[in-house]
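Novice: Chain by chain, the residues run as shown.
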Amino acid sequence: MKELICITCPKGCHLKVDEETFAVTGNSCPRGAVYGANELRNPVRVVTSTVVLESESFRRLPVKTDRAIPKAKMFEVMAEIAKVRVHAPVRVGDVLIANVAGTDGNVVATRSVKE
Amino acid sequence: MTKAELVIIGGGPAGLAAALSAWESGVKDILILERDRQAGGILNQCIHNGFGLHYFKEELTGPEYAGRFIEMLRGTDVRVRTDTMVLDLTADRILHTVSPEHGYEAIRAGAIVLAMGCRERTRGAISIPGARCSGVFTAGAAQRFLNIEGYMVGKRVVILGSGDIGLIMARRMTLEGAKVLACVELMPYSGGLNRNIVQCLNDFDIPLYLSHTVTDVRGKDRLEQVTVSKVDENRRPIPGTEMVFDCDTLLLSVGLLPENELSRQAGVEIDPRTNGPRVWENCETSIPGVFACGNVLHVHDLVDYVTAESMRAGEAAAKFIQAGGETGDGVELQNGDGVGYTVPQHFRRDVSDKLQIFFRVRRIYRDAFISVYDGERRIARFKREHMAPGEMENITIPAMFLKHITGGPLTVRIEED
Ligand SMILES: Cc1cc2nc3c(=O)[nH]c(=O)nc-3n(C[C@H](O)[C@H](O)[C@H](O)COP(=O)(O)OP(=O)(O)OC[C@H]3O[C@@H](n4cnc5c(N)ncnc54)[C@H](O)[C@@H]3O)c2cc1C
Ligand code: SF4
Chain A
1 MKELICITCP KGCHLKVDEE TFAVTGNSCP RGAVYGANEL RNPVRVVTST
51 VVLESESFRR LPVKTDRAIP KAKMFEVMAE IAKVRVHAPV RVGDVLIANV
101 AGTDGNVVAT RSVKE
Chain B
1 MTKAELVIIG GGPAGLAAAL SAWESGVKDI LILERDRQAG GILNQCIHNG
51 FGLHYFKEEL TGPEYAGRFI EMLRGTDVRV RTDTMVLDLT ADRILHTVSP
101 EHGYEAIRAG AIVLAMGCRE RTRGAISIPG ARCSGVFTAG AAQRFLNIEG
151 YMVGKRVVIL GSGDIGLIMA RRMTLEGAKV LACVELMPYS GGLNRNIVQC
201 LNDFDIPLYL SHTVTDVRGK DRLEQVTVSK VDENRRPIPG TEMVFDCDTL
251 LLSVGLLPEN ELSRQAGVEI DPRTNGPRVW ENCETSIPGV FACGNVLHVH
301 DLVDYVTAES MRAGEAAAKF IQAGGETGDG VELQNGDGVG YTVPQHFRRD
351 VSDKLQIFFR VRRIYRDAFI SVYDGERRIA RFKREHMAPG EMENITIPAM
401 FLKHITGGPL TVRIEED
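Protein sequences, first through last, are from chains A and B. Counting in the numbering used here, the first sequence runs from 1 upward without gaps. Counting in the numbering used here, the second sequence runs from 1 upward without gaps.
No lab work stands behind these hints, which were simulated from the structure alone. Any given hint might turn out to be false.
[Stated by the list, open to error] Here are a few chain A residues that sit away from chain B, every Cβ distance over 12 Å (derived from the structure): (1) Phe22; (2) Asn42; (3) Ser57; (4) Pro89; (5) Val95; (6) Gly102; (7) Thr103; (8) Asp104.
[Stated by the list, open to error] The calculated label-pair distances, taken between Cβ atoms and stated as ranges, are: (9) B:Asn394 - A:Met1: 26 to 32 Å; (10) B:Glu415 - A:Lys71: 37 to 43 Å; (11) B:Ile379 - A:Asp104: 52 to 58 Å.
For every residue, glycine included, the Cβ atom is placed at its ideal position computed from N, Cα and C.
Bound-form chain B, shown alone:
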């Protein structure tokens, strides 16, 4: 059986950064497995700018951001094997792979980093009533057609969901000459970044219908019409509010789903709130020596945070290989009022210098506090002027604050007073 000290599944920004930091921490035998024909992950099709302001202190496009990491890895002995699909993963860290070059191959890994990213939700599509005609795409699939393969998918477009991919595609299709008639969002707020509402919709006078959804789809072979209705507080369509759009294309931007089939096969414990692995503060999953980072762990909106998280995962994987697993008492983290989930889900009491917690809020807040409680006792509090579900939040708790906590759990909650 082929062996490697560290195997990284997925060659997107998460996998690339994890490899780089493991290499810098002294691991020399690193293999990245990527099913696509090129490394870079989703960034290859994200040709817009807005990447890297935190990490590189300049604004890059997706391909440029990925290119920088691929370039940095060229200076190392990290092997990137493209066109290679990981089919199965076991709890004792054996990977089953296929590729045109090596055929079927089993690989035994000293440690593994899961960096498989996300795929798009299509659930919205299934629940849309009406015809099953062509012309309905997920926004990311349309993005790949346009930016990588060079095909325009339509001329008159309605977008369901106001996630970032949908917003970015509204602008992209408009610039390429299509007419984007509407962006329709079920919730009373947008799921995408504010900057994308401004520069992708407002710049082109594309209307955003909040608290609306698609209630009918018509067309014989190709899509011809969609009906959009307003919804009530319970997200049920209100009769009499229908608007009809003549269009040939409906793009769905209804969220991303971490791609955890392999994690499940291996028996990694999954958190139903994130749909990603339950991890410790060092990104280690419930299986020792298996780490997770990037979109497979929880959905990120900023690649810079993916990079930072993946650097930590790579370093932790290196430590595991060199010094063996971490032990020590665990403390659970809970989400309280207003908080949807936390990553990590638990941490070891003896965290070295600080504990960083990532989460999303459940609704929009202005001038609110993020508080951390140990039972009834508040141990930390952070002020935020603005928080929204579309923007991942994070707080950093210095280790000295954690010295005197009881056995936990700690609760993160939003307070408005």
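Chain A on its own, in the form it takes in the complex:
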């Protein structure tokens, strides 16, 4: 049995995961079961950061990966994000990097800036 803390939501349930069957106990909702099993097989994380923004009012645009990407690829994704420059206007959800670092995830804007 591996003991984990579910990080899917701020509740932070204490999970127990069976190393062979990947059965999960201690979760308060089904998302915890998915997290627990994944964390042993292929841990993934959402990466959030900022990119350079050319705009009248703001210097940085917040961004995120639109899905959780393999934990081992976090720094590779950060290196891709560091190369991006965006001009306003931009809308929340706009794709800034598609298929970032070959992860199938996209880097998207997390706020709208008009000018």
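Given the structure of chain A, go ahead and fit chain B with the ligands onto it with the hints provided.
Specialist: Relative to chain A, chain B with the ligands alone:
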């Protein structure tokens, strides 16, 4: 004098939600005053995800969560006035404000919602011995520099305090290429959410030193070294346990303090346990027609709870404007064993359908009960598998349980049997 039916001080998630619910309850003349250049409050710099799971049923980043509310308010006539600082507030609900656009202006309000949020404690900084060099920041200030202004504040970092902001910044600085050497916590447990220990420290092998503190700071112009020592049960450093870290940056994440200068000026009664106003179950303060919600009322770790609380405050403010103040007998709420405070601090006996009580426990509990007593008589009991000071707790008591209580006070306490 300018007039408005409802004035909301602060355009963070609390202010935005209070405005939305007051609007939906039928108040049409609503003004939000925000001192920053944009609405959204602290969420603008919280670019990480983990917001909105309760309210929107999906995981959003801070800017996305704020953006949703700003978008919803666009569909209303609620006015959001940014770059506007409220300087003074009086008990008869007059606000004194300044802004580049309107200069000095006094505004008379039919009702007021206080939603000024928190600021960071720096007390830890004052009591740290050693040099007064540059390179010591509160974690939130560093977060603003990095995420809004685009400046990295350092390369080799030690973090004092394991509050959520410090943990989030440990990860953020690491991802941006800094080396975070240690997170140091005075207490024997972390002040932050468990999920943040896992995904911000453990993911990057950043050590967490519980029951430790910073005992010396060295550096001529810029910080060069900090010394960390273990502390005993009385939180006094133990000689001989010193560890020295070569670093250029020390981030302080030693807690938040509700920002209640305006509330005090107006004469709102403050609860020394929360450092926020004493409120009724509808978020009304000791001054009729003045309501409080969000971090100014008590420190929240989840924005979803801020939203829910602020929705109630907005609705109550609307009711005050439309139907006048609440009356009715009050019952005091007390914190018993293991409970640090309660919000609300008192309630009216004739609460409509249920009474929700928010509080924090004083230490970590496993398999314990939250009990509510009317004198010697237990009127309700709730089981919890896990409780920690870093996580706000809440219980809901159906109104029918409150029908037969004596005059109070009711006591909320933790029982372990
Ligand atoms: C670093 C950090 C990480 C967090 N992480 C999470 C998380 O992962 N998930 C989650 O759910 N929650 C998280 N939270 C908690 C959540 O963000 C807060 O509880 C919430 O933002 C509080 O909202 P608020 O509106 O009360 O305060 P704030 O957001 O602080 O807004 C208050 C506003 O009032 C304005 N103001 C103050 N005084 C005046 C004045 N005199 N005149 C005019 N305007 C004034 C301020 O400028 C500010 O905009 C986090 C909080 C922090 C600080
Ligand atoms: S199991 Fe469900 S409720 Fe518990 S932390 Fe995970 S997502 Fe949240």
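Novice: If a hint holds in the structure, say so; if it does not, say that too.
Specialist: Comparing the hints with the structure gives:
With a closest Cβ-Cβ approach of about 18 Å to chain B, phenylalanine 22 (chain A) is found to remain outside the 12 Å limit, as its non-interface label requires. No Cβ of chain B approaches the Cβ of asparagine 42 (chain A) within 12 Å, the least distance being about 14 Å, so the stated non-interface status holds. For serine 57 (chain A), the condition that its CB be more than 12 Å from all CB atoms of chain B is violated, with the nearest at approximately 7 Å. Its beta-carbon lying about 14 Å from the closest one in chain B, proline 89 (chain A) satisfies the requirement of being farther than 12 Å from that chain.
The beta carbon of valine 95 (chain A) is kept farther than 12 Å from every beta carbon of chain B, the shortest such distance being approximately 15 Å. Consistency note on glycine 102 (chain A): stated as away from chain B, and its beta-carbon is indeed over 12 Å from all of that chain's, at 19 Å minimum. At roughly 15 Å from the closest C-beta of chain B, the C-beta of threonine 103 (chain A) stays outside 12 Å, upholding its exclusion from the interface. With a cut of 12 Å on Cβ distances, aspartate 104 (chain A) stays outside the contact zone with chain B, its closest approach being about 18 Å.
Against the hinted window of 26 to 32 Å, the Cβ-Cβ separation of asparagine 394 (chain B) and methionine 1 (chain A) comes to about 31 Å, which satisfies the hint. In this structure the hint that glutamate 415 (chain B) and lysine 71 (chain A) lie 37 to 43 Å apart at CB holds, the actual value being about 41 Å. Checked against the hint of 52 to 58 Å, the pair isoleucine 379 (chain B) and aspartate 104 (chain A) passes, with Cβ atoms roughly 54 Å apart.
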